[in-house]
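Peer 1: Residues per chain are reported as follows:
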Amino acid sequence: SAVISQKPSRDICQRGTSLTIQCQVDSQVTMMFWYRQQPGQSLTLIATANQGSEATYESGFVIDKFPISRPNLTFSTLTVSNMSPEDSSIYLCSVGEGANSPLHFGNGTRLTVT
Amino acid sequence: AQSVSQHNHHVILSEAASLELGCNYSYGGTVNLFWYVQYPGQHLQLLLKYFSGDPLVKGIKGFEAEFIKSKFSFNLRKPSVQWSDTAEYFCAVNAPSGGYQKVTFGTGTKLQVIP
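Top line first, the protein sequences correspond to chains D and U. Here the working numbering = 1-based position in the first sequence + 833. Here the working numbering = 1-based position in the second sequence + 31.
For reference, chain U alone in the conformation it holds in the complex:
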């Protein structure tokens, strides 16, 4: 069964600081990887996704993530955070074999950006 680990539960950064949120997954086959974001009072939104190809994927609002297959990792990065990035971030994995779309989520990381 697939699983996802997010190591940081709560991160506090000052504006302009760099961000890296860790995500590791457990699954031996081909995977699709996602980062979702949930801003306060809003629904979950897709931040970026990796299906295949270039392991460095760019998402909305200046976020990017790098898929490192050998490390089973998909860490999220942003060079300079803004107060508006305050949100909860979820890493997720889906093993697409057989066409079944079961997405497993990590426990989430709450990011607080201080002005």
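Bound-form chain D, shown alone:
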């Protein structure tokens, strides 16, 4: 399975600032996704990162708050903009090879906003 590296692994940020999380995969993958796991809750899909086009966002998530880039088939970034304490969460990059394949996850980025 693909090896997924996420950076940073954790960060503490001040309210109002932005953080960009990087996701690097060791092989070309069709689909890349960004999830959020808030304390005590399950994983929630933020968006699907599409190569060469805009990301597809899930209900409740918007591009202005979570801009995503995917310049090629092995790399994506998620930016958490104008952060507030409610954005404190684990952000996870995951990859898949189509509807009938499982997802594989990176180690996640633990974000704390003060």
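FYI, nobody ran anything at the bench for these hints, they're computed from the structure. Owing to the predicted nature of the structure, the values given are computational and were not obtained by experimental measurement. Please note that the accuracy of each hint is not assured.
What the hints assert, rightly or not - Per the computed footprint, the stretches of chain U lying under chain D, defined by three or more beta-carbons under 8 Å from a beta-carbon of chain D, are:
hint, segment
1, 69-78
2, 136-145
To be verified - Some chain U residues well away from chain D (every beta-carbon gap over 12 Å; in silico):
hint, residue
3, Ala47
4, Ala48
5, Asn55
6, Gly59
7, Lys92
8, Glu95
9, Glu97
10, Ile99
11, Phe103
12, Gln113
13, Ser115
14, Thr117
By construction, the Cβ of each residue, glycine as well, lies at the ideal position given by its N, Cα and C atoms.
Got chain D; can you put chain U on it based on the hints?
Peer 2: Same frame as chain D, but now just chain U:
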């Protein structure tokens, strides 16, 4: 829209006890079903998956799950747990129609195995 319910939030078992974690999903069409595990300090890993065929699927480390379509369930089982099974377990569902891979996760079950 698809949804997943995990009934047990926190389970504590002694070593060698049997395990069954409940998972029910809500979706009327064809689904793919997964169990993921997250060991302390590690990333999410696939434990087992069901796409089609035999409804009883076997995964790694002696885990198995049974898909019961009439009950919309995909419960995870292990006959005898070990201390190393202490982890958080997530059930997930994906409706593959149209090729879109949107995986919905349950809220997770924390399993604590006492030596």
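Peer 1: Now, for every hint given, state plainly whether the structure supports it.
Peer 2: Hint check results:
no.	hint	in the structure
1	69-78	holds (count 5)
2	136-145	holds (count 4)
3	Ala47	holds (29 Å)
4	Ala48	holds (25 Å)
5	Asn55	holds (14 Å)
6	Gly59	holds (17 Å)
7	Lys92	holds (16 Å)
8	Glu95	holds (16 Å)
9	Glu97	holds (18 Å)
10	Ile99	holds (21 Å)
11	Phe103	holds (18 Å)
12	Gln113	holds (23 Å)
13	Ser115	holds (20 Å)
14	Thr117	holds (18 Å)
Consistency note: the structure conflicts with none of the earlier hints.
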